[in-house]
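Enquirer: Residue strings, one per chain:
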Amino acid sequence: MKSDRIPEVLTAMSRKISEKKDFLTDLDNAIGDGDHGINMARGFAAVESRLPEFEGKDIGYILKTTGMTLVSVVAGSAGPLYGTAFMKAGMVMNGKNEMTADDFIECLNAAIDGVMMRGKAVQGEKTMLDAMIPARDAIVSAVKDGRNFPEAVKAGVEAAREGVEYTKTIIATKGRAAYVGERSLGHQDPGATSFTYLLETISEAL
Amino acid sequence: MVGIVIVSHSRKLAEGVIDAAHIMAAECPMAAAGGADDGGYGTSPQKIKDAIQEVSGPDGVAVLADMGSAVMTAEMVLEEPGYENVILVDCPVAEGAIAGAVSSVCGDDLKEVVRQAESARTMSKL
Numbered sequence: 000m001k002s003d004r005i006p007e008v009l010t011a012m013s014r015k016i017s018e019k020k021d022f023l024t025d026l027d028n029a030i031g032d033g034d035h036g037i038n039m040a041r042g043f044a045a046v047e048s049r050l051p052e053f054e055g056k057d058i059g060y061i062l063k064t065t066g067m068t069l070v071s072v073v074a075g076s077a078g079p080l081y082g083t084a085f086m087k088a089g090m091v092m093n094g095k096n097e098m099t100a101d102d103f104i105e106c107l108n109a110a111i112d113g114v115m116m117r118g119k120a121v122q123g124e125k126t127m128l129d130a131m132i133p134a135r136d137a138i139v140s141a142v143k144d145g146r147n148f149p150e151a152v153k154a155g156v157e158a159a160r161e162g163v164e165y166t167k168t169i170i171a172t173k174g175r176a177a178y179v180g181e182r183s184l185g186h187q188d189p190g191a192t193s194f195t196y197l198l199e200t201i202s203e204a205l
Numbered sequence: 000m001v002g003i004v005i006v007s008h009s010r011k012l013a014e015g016v017i018d019a020a021h022i023m024a025a026e027c028p029m030a031a032a033g034g035a036d037d038g039g040y041g042t043s044p045q046k047i048k049d050a051i052q053e054v055s056g057p058d059g060v061a062v063l064a065d066m067g068s069a070v071m072t073a074e075m076v077l078e079e080p081g082y083e084n085v086i087l088v089d090c091p092v093a094e095g096a097i098a099g100a101v102s103s104v105c106g107d108d109l110k111e112v113v114r115q116a117e118s119a120r121t122m123s124k125l
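Chains as they are written, first to last, in numbering that gives the first Met the number 0: chain A, 0 to 205; chain B, 0 to 125.
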């Protein structure tokens, strides 16, 4: 994927998040503080307003600026977490004008490391990592099996959706939902859900 | 004197903690970074930077944050250059603020103020 297509993907992300805003907020109301949908929509709307600045810029610049915008605008945990994820991915893409499947895997690796570091979380704690890590693993194995970039990301989306289903079966030990403890069982994680929407958007654009 | 910044999702909580700490340590420079930029519930990196600026002096600043995005946003701000003399403290916000503010007005240095605030973590109440 070339750098001039990234703004279009960010616009599509913003549209999808805005469509799912109420659903994400409902999910967060059940086990958190109910701000995830509103915060994500506000963050991506702010990213959309910066798109004109991205013309002619490399992918690293675009992803880093997206991350910094999310950090400064999103008032909840999604700000520092998604902000860190995009900024780390941006560092991987520094100076690059095209993203290959291998680049995308490196971006996901950096984003996952960033989220683990920032949130001090690991897989299995009912967080966005429970969608991110299986998605990355599925993309890595699809590429290994010789599948192309779009097919590999499609496999990643499937794995992320399964990850979201898995979050219904576990108790939250990180984030606001940890206060709800066992009562978080049966509820899907809002962050894992929003990550899956973002990955779906990337898949649809490939 | 060491300055203290209170980062909270709630503006009222951040301001209230400062009121409570000032009862025992009125001279301690303290600033609140409470709520989101629009005045709603949440955390704002700009408010954290402004609050640090407000209480910043040669003795440094201790930052106390309530939870979640308040902690993560404070961490991200302090990773930027220029905040070498600012420390994020791992402690309960209200009790830590009182312990830290008292330590600050007693003339302790930043390291000791942080240690005093952290001691609130293990303070038994009953």
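Treat the hints loosely; a few may be bogus.
What the hints assert, rightly or not - Below, a list of computed lysine-lysine pairs in the DSS-like style, where the Cα atoms sit at most 30 Å apart:
| id | chain 1 | residue 1 | chain 2 | residue 2 |
| --- | --- | --- | --- | --- |
| 1 | B | K11 | A | K167 |
| 2 | A | K167 | A | K1 |
| 3 | A | K15 | B | K11 |
| 4 | A | K1 | A | K173 |
| 5 | B | K124 | A | K56 |
| 6 | A | K119 | B | K124 |
| 7 | B | K48 | A | K119 |
| 8 | A | K143 | A | K20 |
| 9 | B | K11 | A | K56 |
| 10 | A | K20 | B | K11 |
| 11 | B | K11 | B | K110 |
| 12 | A | K153 | A | K119 |
| 13 | A | K173 | B | K11 |
| 14 | B | K48 | B | K11 |
| 15 | A | K143 | A | K1 |
| 16 | B | K48 | A | K153 |
| 17 | A | K1 | B | K11 |
As the list claims (entries may be wrong) - One-sided and incomplete, this derived list gives chain A residues near chain B with beta-carbon spacing under 10 Å:
| id | residue |
| --- | --- |
| 18 | V70 |
| 19 | V72 |
| 20 | V73 |
| 21 | A74 |
| 22 | T83 |
| 23 | R117 |
| 24 | G123 |
| 25 | F148 |
| 26 | H186 |
Said to hold, decoys possible - Anything over 10 Å on all C-beta distances counts as not near chain B; from chain A, calculated:
| id | residue |
| --- | --- |
| 27 | M0 |
| 28 | V8 |
| 29 | K20 |
| 30 | D34 |
| 31 | N38 |
| 32 | A44 |
| 33 | G82 |
| 34 | E161 |
| 35 | Y165 |
| 36 | R175 |
To be clear, the hints were calculated from the coordinates, so they are not data collected in a lab. Ideal Cβ placement from N, Cα and C applies to all residues, glycine included.
Enquirer: Where does the structure disagree with the numbered hints, that is, which hint numbers, in rising order?
Expert: 1, 2, 3, 4, 5, 8, 9, 16, 17, 24, 25, 26, 30, 31, 33, 36
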